[in-house]
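> So the protein sequences, as listed, match chains G, E and D.
Position 193, counted from 1, in the first sequence is what my numbering calls 193; the numbers after and before it change by one each time, with no gaps.
Add 558 to a position in the second sequence, counting from 1, and you land on the number used in my numbering.
Add 904 to a position in the third sequence, counting from 1, and you land on the number used in my numbering.
In short, the hints are calculated from the structure, not lab data.
Please note that the accuracy of each hint is not assured.
Listed next, the in silico BS3-like pairs over lysine-lysine satisfying Cα-Cα at most 30 Å (straight line) [stated by the list, open to error]:
#	chain 1	residue 1	chain 2	residue 2
1	G	K111	D	K1111
2	G	K111	E	K707
3	E	K714	G	K136
4	D	K1111	G	K409
The calculated label-pair distances, taken between Cβ atoms and stated as ranges, are [unchecked claim]:
#	chain 1	residue 1	chain 2	residue 2	range
5	E	R586	G	T355	56 to 62 Å
6	D	G1168	E	G718	26 to 32 Å
7	E	I588	D	A917	50 to 56 Å
8	E	I722	G	P63	45 to 51 Å
9	D	F1008	E	R669	48 to 54 Å
Predicted model only: the values in this text are computed from it and were never measured.
Virtual Cβ for every residue (Gly too), placed ideally from N, Cα, C.
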Amino acid sequence: MPRLVFDDVRISYTTRDDAAGRGLVTAVDGVSLVLEPGSTLGLAGESGCGKSTLALSVLRLLPANATVTGQILLGDDDVTTMSFGRLRAVRWTEAAVVFQGAMHSLNPVQKVSDQIEEALKLHSLASYPDRAARLKRVRELLTLVDLPVVKASSYPHELSGGQKQRIMIAMALACDPELIIADEPTTALDVIVQAQVLDVLTGLVRDRGLSLIMISHDLSVLAATCERICVMQAGRIVEEGPSLRVMTAPEHPHTRALAAAFPLIGDPASRRSLPGYTAPDAPTAAPSETVTEPGDVVLEVRDLSVEFASRGQRVKAVDHVNLAFRQGEIVALVGQSGSGKTTLARTILGLEEPTSGAVLYEGAPLSHRRKALKEYRRHVQFVLQDPTASLNPKHTVYEAVAEGPRLHKLPGNERDIVATALEQAELTPPEKYFNAIPQELSGGQRQRVVIAGALALSPTFLVADEPVASLDASVRGEILALLLRLKNELGLGALVITHDLGLAWNIADRVVVMKQGEIVEQGSVEEVLLNPQHEYTRKLLSVVPSAQAASGQDFVGA
Amino acid sequence: MTATLDATESLQQITQEESRPRAASWPRYIARKGGGALISLGMVVLLGFFAFRILPGDPAISMTRGRRVSAEQVDQLRKEFGLDQPLIIQFFHFVGGLFRGDLGTSYTFHRPVAELIGSHIGATLLLTGTAAVLSIILGLWLGQRAAWKRGSLFDKTQTGLALIFWSVPTFWLGLILLLLFGGFLQWFPTGGLVTPGSNETGIALVWDVIRHLVLPVVTMVAVVYAQYLMVMRASLLEEMTADYLTTARAKGLKEDLVRRRHAVPNALLPTVTLIFLTLGGLVGGAVTVETVFSWPGLGYLTFQALSAPDLPLLQGTFVVFSSIVIIMNFAADLVYRVLDPRLKAS
Amino acid sequence: MTAVTVRSKRSIAAARRRDRAVEVWREFARNRGGLVGLAILLVVILLAICAPLIAPATLLDVTKVDGLPNQAPTWQYPLGTDPAGRSVLLLLLWGSRISLLVGFSATIVSMVIGTLVGMSAGHFRGVGQAIILRVIDFFLVVPSLVLAIVLSTVLSRGAITIIIAIGLTSWAGTARLVRSQTLTIESRPYIERSWALGAGNAHILGKHVLPAVLPLVLAHTTLTVGSAIIAESTLSFLGLGDPTTVSWGTMLKSALDTGAATAGFWWYVLPPGIAIVLVVLCFTLVGRAFEAVINPTLRGR
């Protein structure tokens, strides 16, 4: 069983920097780390912090323009100076990588059993000398990861995200490695599927006494599967320690920011309160005179159904949904992918036509005609998930924010409208941002520009589809704080669509849980999240960090 | 049975319909692609007919351009080709004739067009078929090797040569080869399918045809292989950034095998599509090459038709050429489905 | 509030455009092939434009010629003479005008039709789209040379006819490219945002799609000019050009007709072809360099 040692490892990429000629980008800047045999380590950090680079360097899987200095010892051998032959022999037999299979880590034109067999043919010819023996092994491996054996002859596109991930795990175990490196193994998966995959992985690691390095930007995932967590920022390790401690009592400010992105549900400290802003009606706020109660019903959805024809079948995305939204309230619409929540949001915005039922604004049903719809759009606006893709890369901030007012020919000085909107989105001084283009801004700033664009029309209601899912964990808090502030200062209600229950706990008044096109539960946040009635809601809550679980039962490194 | 689906997914599906392979069962797939092919064939017939009738210029006048004819002779011509009847009647005659295999009568040869085409099509298929197969083999092999050795001398020379050949007009290359090997060095005959006046049979005939085939085929291959090389190279270069190749390397596979077993098969798919899409260009090349080398195929026939101008013959060759390409594209769709597992319905 | 000097919006936009232009040029200049191609092209275009100044058209008049027919190159006639006794070098110079003119014009026709149809095919849904798609597919599949021959036969022979014929047979490639690009752009969230803000078709197409599609079209156009020049020469070679004007294609047709190839008159057969190869190659190099500027993933090709 090898011990993995990183000794002052520095990894840099030579890039062809357009403006300045050759450039050198340092991905890992002096990391020293030890992984004892049989232990599990989580590498946490935001995108670009170097965690993937560090992990992939164990098997020298970095692209050709990467330079590695320092030592990486796998047992007694230094990986950086190994010969190619020895390296190829080490790969997969001593250490194996579980890539993010939901993307394109599997060959699309080969059956998955062939791909697993390939590993066996390379390294384990002695143990599995003929095809029959190898196929038997493939079936064994699939059973280990809880997959029906018949799936072996499938092509990757025929499998779901969770199934593909389990194939990746099965493939990694094919040659009995002693170290598993899991690179963002659950990132693109739903929380429930995520929990299943993690169960399989941790079960196998535990049963076989394997070492595990898991990389993720999600601290809660790491806390649930690893004994120790190592937090990286800009290529350096900024904090290291037992996972429970890092998760609940982080010391380094960056770790604190990361941990804040995963609020504990039920914890009053994170209810309507974020780093930087605490709402007047938060449990932790000082009692104040007036707290605005939500007003009348402004937006309503009655018996709404939306069906699509897809691949020759009728697909029911939204199934007879009834909802009411009041002025000035934040409603969180929670569901996993495939639940229909985005379709519902787009139908409310008039971007999708309902098959039956209606959307009513201030009592009047939405028209299908472009002109009437345009008037409606002044009042209900949209914030999308990926701020980078939501802005035309060639338009300046000014043009992006002014687009709405120009389309509606709003009266008044355009410049003032744009400046006010930018200020409301907390981009001050607004003039500084007028001529910036999206690539000059950070992710959080871009999302603020999108919000400003919506605010420029002075809407009464905002529909935000996963507004923080594409942002770094440290920026998440800022944007959520902004939404909360807009609610309290401008009376702006919002429908926030998310898969993240923690977000609902952070800022929402009410929460609606959706599954496969239907509403399974709705009510105030306190009711639904602390005392869930429906089984599905309970299931969702069981896999996210909550105040009860933090008492030590669910964390490995307690 | 209804299922559920998120809107963004379906929207993306709909917008990427063309680029993403859609799974369907065989009968559906054949119906869809076959239907498309039939519609295209229909449009060819329409275009073939109306191009000569509707565009400015009286067909009878076009046919007799540059010739001294009297007004009565022009009228006579009109009657002979049925040009004095209403357009719709003419169209039905035309379509009816197509189904019977009657494409009209050639003005210059005074024989049925269908018969002329029938006797010339073999030579064209021999020429284009040989050229296509050779270009594909050459282009694909060089292209994948150039992509793998990207930046090397091999890659640079191959890419450079391909770009040059891509810029060469096919007919001019034919002229040059004719000049050099036919006229100057006299290694190969200067035209025709067989040596005129000889009555060879069996192996001797085959050998004679091959000798005559060399220059035209070399001409066509030189221009066409370049396109296939560039496409294969670009396709493989793009494939080489794929994630599953990292997985293959992580398993301990040698670079060579990573390329051959994983990258190339995936890169072949878009290449195959593009190859079949450019078949029309191959046909165009046939016209010019056959003209330069007096190769008695459909292309040469087309050249003779346009010189006259012999409208029925031109119409016939247009319809036949286009139909061949449409049918080949349909065949390509079928081949592609066999190759790409993502198109098979589970 | 601190005093912030705000430059006028227009001057900032202009400065940004200038910076972008410099950036484009610098990236383009990295590609040696593109630079060489551009230089050669500029020389050729200049020569073509100045042809009347260098050698008056009267020198091409067959009746006023004093050279011997089919003469090999001499000092007086550096590229020899054609079957009528005219200097091949002069013919080459004058021929460039027609070849380039037809090439450019046909490309513009093709580009305009292709962009309009492609954008419509990518943007609109429903029956209209299905029909347009069929039409595009049809024009892609039909062998363009044969169709061009058909068109050129029924219309009167000449440069305009060839321009129309080439334009009508080559727009489909651009259309397919523009359509696929339009689909990609329209699937981006910022288009959704525009719809949600209340935009209509004109706004989306004009403000978002067209500006994004244009660079690609321009790069593709450069490549299309090359193939248009080859197409022109092919059609002229087959006899569909204007017999009274000189182009590189008609020179080669005349070479075939008078048996220059088999007789070994290489000075009449080689130069027009080499000229075509050179010009088309240059357009291809420039086009590829331009493509690499627009699409960073193609750099270092």
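> Broken hints, numbered, in rising order?
1, 3, 5, 8, 9
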